[in-house]
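Each protein sequence line maps, in turn, to chains C and Y.
Numbered by UniProt numbering, the letters in the first sequence go through residues 1 to 440 in order.
Numbered by UniProt numbering, the letters in the second sequence go through residues 1 to 440 in order.
It should be emphasised that the hints constitute simulated quantities derived from the structure, not laboratory data.
It cannot be assumed that every hint is accurate.
No distinction is drawn between identical chains; accordingly, a pair holds when it is met within one copy or between any pair of copies.
[To be verified] Here are the simulated DMTMM-like cross-link-like pairs (lysine to aspartate or glutamate), alpha carbons at most 25 Å apart as the crow flies: (1) K345 with D34; (2) K345 with D56; (3) K41 with E298; (4) K106 with D76; (5) K41 with E230; (6) K41 with D340; (7) K11 with D340; (8) K11 with D64; (9) K345 with D37; (10) K41 with E267; (11) K345 with E298.
Protein chains: 2
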Amino acid sequence: MSSSKGDVASKTPLRLGVAGLGTVGAGLAILLRDNADIITKRAGRPIEITAVAARDKTRDRGIDLSALTWHSNAVDLASDPNVDVVVELIGGSEGTARSLVEAALKAGKAVVTANKALLAVHGDSLARLSAANNAPLLFEAAVAGGIPAIKTVREGLAADRLLSIGGILNGTCNYILTAMRETGRDFSDVLAEAQELGYAEADPSTDVDGIDAAHKLTILASLAFGQPVEFDSVHVEGIRCIGALDLTFARTLGYRIKLLGLARQSERGVEARVAPCLVPEATPIAQVDGVFNAVIAEGTFVGRLMVEGRGAGAGPTASAVAADIIDIARGNTVPVWGTDVTTLKATQSRPASEWHGAFYLRLSVADRAGVIADITAILRDCGVSLSSMIQHPSAKQEQNVPLVLVTHPTDESAMQAARQRIAALDVVSAEPVLIRIENF
Amino acid sequence: MSSSKGDVASKTPLRLGVAGLGTVGAGLAILLRDNADIITKRAGRPIEITAVAARDKTRDRGIDLSALTWHSNAVDLASDPNVDVVVELIGGSEGTARSLVEAALKAGKAVVTANKALLAVHGDSLARLSAANNAPLLFEAAVAGGIPAIKTVREGLAADRLLSIGGILNGTCNYILTAMRETGRDFSDVLAEAQELGYAEADPSTDVDGIDAAHKLTILASLAFGQPVEFDSVHVEGIRCIGALDLTFARTLGYRIKLLGLARQSERGVEARVAPCLVPEATPIAQVDGVFNAVIAEGTFVGRLMVEGRGAGAGPTASAVAADIIDIARGNTVPVWGTDVTTLKATQSRPASEWHGAFYLRLSVADRAGVIADITAILRDCGVSLSSMIQHPSAKQEQNVPLVLVTHPTDESAMQAARQRIAALDVVSAEPVLIRIENF
Numbered sequence: 001m002s003s004s005k006g007d008v009a010s011k012t013p014l015r016l017g018v019a020g021l022g023t024v025g026a027g028l029a030i031l032l033r034d035n036a037d038i039i040t041k042r043a044g045r046p047i048e049i050t051a052v053a054a055r056d057k058t059r060d061r062g063i064d065l066s067a068l069t070w071h072s073n074a075v076d077l078a079s080d081p082n083v084d085v086v087v088e089l090i091g092g093s094e095g096t097a098r099s100l101v102e103a104a105l106k107a108g109k110a111v112v113t114a115n116k117a118l119l120a121v122h123g124d125s126l127a128r129l130s131a132a133n134n135a136p137l138l139f140e141a142a143v144a145g146g147i148p149a150i151k152t153v154r155e156g157l158a159a160d161r162l163l164s165i166g167g168i169l170n171g172t173c174n175y176i177l178t179a180m181r182e183t184g185r186d187f188s189d190v191l192a193e194a195q196e197l198g199y200a201e202a203d204p205s206t207d208v209d210g211i212d213a214a215h216k217l218t219i220l221a222s223l224a225f226g227q228p229v230e231f232d233s234v235h236v237e238g239i240r241c242i243g244a245l246d247l248t249f250a251r252t253l254g255y256r257i258k259l260l261g262l263a264r265q266s267e268r269g270v271e272a273r274v275a276p277c278l279v280p281e282a283t284p285i286a287q288v289d290g291v292f293n294a295v296i297a298e299g300t301f302v303g304r305l306m307v308e309g310r311g312a313g314a315g316p317t318a319s320a321v322a323a324d325i326i327d328i329a330r331g332n333t334v335p336v337w338g339t340d341v342t343t344l345k346a347t348q349s350r351p352a353s354e355w356h357g358a359f360y361l362r363l364s365v366a367d368r369a370g371v372i373a374d375i376t377a378i379l380r381d382c383g384v385s386l387s388s389m390i391q392h393p394s395a396k397q398e399q400n401v402p403l404v405l406v407t408h409p410t411d412e413s414a415m416q417a418a419r420q421r422i423a424a425l426d427v428v429s430a431e432p433v434l435i436r437i438e439n440f
Numbered sequence: 001m002s003s004s005k006g007d008v009a010s011k012t013p014l015r016l017g018v019a020g021l022g023t024v025g026a027g028l029a030i031l032l033r034d035n036a037d038i039i040t041k042r043a044g045r046p047i048e049i050t051a052v053a054a055r056d057k058t059r060d061r062g063i064d065l066s067a068l069t070w071h072s073n074a075v076d077l078a079s080d081p082n083v084d085v086v087v088e089l090i091g092g093s094e095g096t097a098r099s100l101v102e103a104a105l106k107a108g109k110a111v112v113t114a115n116k117a118l119l120a121v122h123g124d125s126l127a128r129l130s131a132a133n134n135a136p137l138l139f140e141a142a143v144a145g146g147i148p149a150i151k152t153v154r155e156g157l158a159a160d161r162l163l164s165i166g167g168i169l170n171g172t173c174n175y176i177l178t179a180m181r182e183t184g185r186d187f188s189d190v191l192a193e194a195q196e197l198g199y200a201e202a203d204p205s206t207d208v209d210g211i212d213a214a215h216k217l218t219i220l221a222s223l224a225f226g227q228p229v230e231f232d233s234v235h236v237e238g239i240r241c242i243g244a245l246d247l248t249f250a251r252t253l254g255y256r257i258k259l260l261g262l263a264r265q266s267e268r269g270v271e272a273r274v275a276p277c278l279v280p281e282a283t284p285i286a287q288v289d290g291v292f293n294a295v296i297a298e299g300t301f302v303g304r305l306m307v308e309g310r311g312a313g314a315g316p317t318a319s320a321v322a323a324d325i326i327d328i329a330r331g332n333t334v335p336v337w338g339t340d341v342t343t344l345k346a347t348q349s350r351p352a353s354e355w356h357g358a359f360y361l362r363l364s365v366a367d368r369a370g371v372i373a374d375i376t377a378i379l380r381d382c383g384v385s386l387s388s389m390i391q392h393p394s395a396k397q398e399q400n401v402p403l404v405l406v407t408h409p410t411d412e413s414a415m416q417a418a419r420q421r422i423a424a425l426d427v428v429s430a431e432p433v434l435i436r437i438e439n440f
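With the rest of the complex left out, here is chain C (with noise of 0.2 Å):
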C-alpha cells in the first residue's frame, strides 16, 4: 500500500477485489453502495469493488455484481492489476482462503479478512508474510462481528498492560444458553430451533464445541499479550453437557452460564481456555444475551472495560471489515500483533490443570442413605473445600436425584481428580457435570 496522508484530497479509487460473496460478501457490497458517501468523505477517496471470486454468478444476492471483473479462482485476485486490497470473506483455515491471502500479501497488497480461523492457526506466518512483503493484513471481523475489539485492544488500549482478555465470542452458544434458560428446554431441541432461525449452522460443531470460539481467543489474546498464542495449545470445552437442569440451578444458585472465552496472563506465561462457566448474575457479562457478543479486558491503568454488540450476521461483520478497509484507504495501520514481528515469539497455553478457581459440580445420585458420605469424603480427601450443597428430595420417588455441589476456590487439578473418583462411584449414575465459576 503506497497511500500517505496527502492523498486525502484526491480522488483516484481504492479498488476491491472480494472473494466470496455470502451473507457478508453481499452486505459487504450492499454497505459500500449505500454508506458510499460517508465511506468516500472518511477513507478520503471513493471506495469500489471492481474484482469478485465467488461459485455461483447468478444468484440474487440483493446488489447486481454483474458488470465487475468475476475471477473463478479467487486466488487470481491476488494478481489482477485492478485491485489494490483483497478482501478474503470465504472463511477456514486452509484451502483456497489461505492461499490466496499468502498470494496477496507476497504480492504486495493489503488484506482485509473477516476468517478467525486463519488467524488464529496461522497468525504467526501470516504477520511475517505482511511484514516481509510491507501488505497489511486487517482483521477486525474476525472477532466480535461489528464490535471493534481487535481496534480497541492493539490500538485503544496499547498503553497498557493488560492482565486478562476474553468474553462471551460466539453467539450461536449465547443464544442457545439463553434460550435454554428463559424455556426451561434441553440443548438438542433449542439447538435444533437455532438451526430453523439460522442462529446455528446445519453443522453446529464449530460453534457448540467451542472451536469458534477458541479461534477468536487465540487472537484476542495474541493481541492483549503481545505474542501469538498457539491455537492448539488452547484448552477448549463446549456447551452439549450443559442440561437444562444446570441452567435452573444457576439460577437458584445466583448465577448464569454462559460460555466464556478466558485469557489471563502472569509471570507464569499466558493461560487461554474456553468453557462454560458460571459467572455471577450481578456481572455486566451474565446481562449479554442472545446472539450478543462481548469482550472484557482488563488493565493496570486502565481497569475494566466491557465492549459489547452483535458479534455475528451480514450488516456488523460488514461494518466491520469496511471500517478496515477505510484504514487502509487512510493509510492507518497496524502490524499485525501490534508490534515488530520479528522480536515476537509464539508461546503456548499452560495447561488447563494449572488453573484455580471454584467449581460446580451436578451429580445424578442413588436417592439413598451413605450417597452424601461417600461424596463429601472423596472431595475431602482431594484437598476440596465445599461451599455450598443442593439436594432436592426426589418428588416422584424416582431411583436418581440431581445434588448439585459448589466448592470454594480450588486447584483444578485437584477438582479433577476428585470428579473421576466421585464418577467411579457406583451410585453415581451419569457423567458428572463439571463447571468453572467466574468472577469475570
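Got chain C; can you put chain Y on it based on the hints?
This is chain Y only, laid out in the frame that chain C set:
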C-alpha cells in the same frame, strides 16, 4: 509530525511536553515509566517526557520529574525545540489551555489533550487549525476516560451511518444516583459524601448540572454525525432536582434513573440533550453503576454497540492519553472530526421542545378529593395520555402526598405545557419533577 511507517525500528524518542501535572499528568508520567517496555514496542520507538509545565515544582507526585525542563509558562512548551508533541492536561475551554493548544498547532506540533470543554466549545476552529498546519489533534481522554470511545466511533464505526450516540458520560453523577438508589439518601447528603471521597469537586456544578456530560456529548455527536455540533445549542439538565423519592418510584415502576447524554440524527437534523432519564431496569445501560461510564452507539449496519469502563481517574485517563501518543508515534492519525474539515459546517441541535417520548411526572399534592381529576383534566386538554399512576395514601396524615404519573409517548412541548399548568394549581405544593423515559 514527520513520523512515517519506515521509522518503526529507529530509536529516536518521541519527546513530550506535558502541561499540567495534577492527578492525570502525574499518572501519565508513571504510566510511561512503568509500561515503557510495551509502549516502546507498540509505538516503534521510545516515548519520553522532556519538558513540563506546572505550578509547583516541589510537590510530591509519586515520580521524580525534577530533571526535566520546567516551563513557568505552559504556552512556552509550544516553542520548545525539544518537544515533538504537546500534551495539554490543564483543562478549561479558555485561558492557558486554549492558548497552548492553539500555539502548538500553529507551530505544527501534534497535540494530545484530555480537555473536553476545549474540544466541545472550540472544536470547530481547532480542527481547522490542525488541518491547516498538518498538526494532529488527538483527544481520546476527553470522553469517557479510559474507554476508547472516540476511536470506536471515529475509526471502528467509520463505515456506518450512526443514528444515535450517547450514554452515561459523567461518573460523578452516576456515583451519586447509584448511591441515592442504594441507600435511600437525598442528593445533598450523597453529594457531600462524594466530595469527601474525591468523586466530586468542591464546586460540583460542572458535574451535577450536566455541563461536563454535555461537553462529552457534543464531541461524540460531532464525531458520530460527521459535523461539529454547537455546544451552546445542546439542551442541558442536571440531577439536582432528583429526590430520593424518585429513585424509589423508579424502582417500583421497573426503571433506574441515569443522567444520559443522548444525541440522535434524523432527517430533521441533530438532536442532542443531557438530562436525567428513567431507563428500563433490564437494559444494559441501567446496569452501569457507580463511577463507571458507558457509551452506546447505534448504526444502520452495525446495530447497537455499548462500551463500558472507568470514565475518570489517573490510570484510565493516562492510558487514553498514552494511546493517542502511540498513534502519533505510529503516524496513524485521523482528522479531528474524521473527515476533511473544509467540507464541514457546524450545526445546531434542534430544540428540546421538539423531542417526543414518554414522561415520569412526580407531584406533591394536597391529600384531598378532586385533585386527581384536576390534574388528569389538564393532561387530557394538553393531549397527553396517561400510562400509569402511583398514589400512596398519606401514612402520617400529612397535608401533601406524592403523586406519580407516567405518560404514553407524547410531544415534549405538550408535556411541558401540561407541567406548567399543573404546577400553577393550588393543590400542587412543590415544583413538579419531570423526567424523560428512554428505552436506550
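Quiz item: When no copy is specified for K41 and E267, does a C-alpha distance of 25 Å or less occur within a copy, between copies, both, or neither?
Solution: Intra 46 Å, inter 20 Å, cutoff 25 Å: inter-copy only.
Quiz item: How would you label the pair K41, E230 (within, between, both, or neither) given a Cα cut-off of 25 Å?
Solution: between (39 Å within a copy, 21 Å between copies)
Practice problem: Give the relationship of K41 and E298 under a CA distance limit of 25 Å: within one copy only, between copies only, both, or neither. | Solution: between (34 Å within a copy, 20 Å between copies)
Quiz item: Quick one: K41 to D340, C-alpha cut-off 25 Å, is that within a copy, between copies, both, or neither?
Solution: Between copies only: 7 Å across chains, 31 Å inside a chain, cut-off 25 Å.
Quiz prompt | Alpha-carbon proximity context of K345 and D37, limit 25 Å | solution = between (43 Å within a copy, 16 Å between copies)
Quiz item: Is it within a copy, between copies, both, or neither that the alpha carbon of K11 lies no farther than 25 Å from that of D340?
Solution: Between copies only: 13 Å across chains, 32 Å inside a chain, cut-off 25 Å.
Exercise. Indicate which option fits the pair K345, D56 if close means a Cα-Cα distance not exceeding 25 Å: within, between, both or neither.
Key: So K345 and D56 fail the 25 Å test inside a copy (42 Å) and across (45 Å) alike.
Practice problem: Please work out whether the CA atoms of K345 and E298 approach to 25 Å or closer within one copy, between two copies, in both situations, or in neither? | Solution: within (23 Å within a copy, 39 Å between copies)
Quiz item: Between copies, within a copy, both or neither: which fits K106 and D76 at Cα up to 25 Å?
Solution: Within one copy only: 13 Å inside, 48 Å across.
Quiz item: Taking 25 Å as the upper bound on the Cα-Cα distance, should K11 and D64 be classified as within, between, both, or neither?
Solution: For K11 and D64, the Cα distance is within 25 Å only inside one copy (24 Å; across copies 51 Å).
Practice problem: Classify it for me, K345 with D34: is the Cα-Cα distance of at most 25 Å met within a copy, between copies, both or neither? | Solution: between (43 Å within a copy, 23 Å between copies)
Violated hint for the displayed structure: number 2, the only one.
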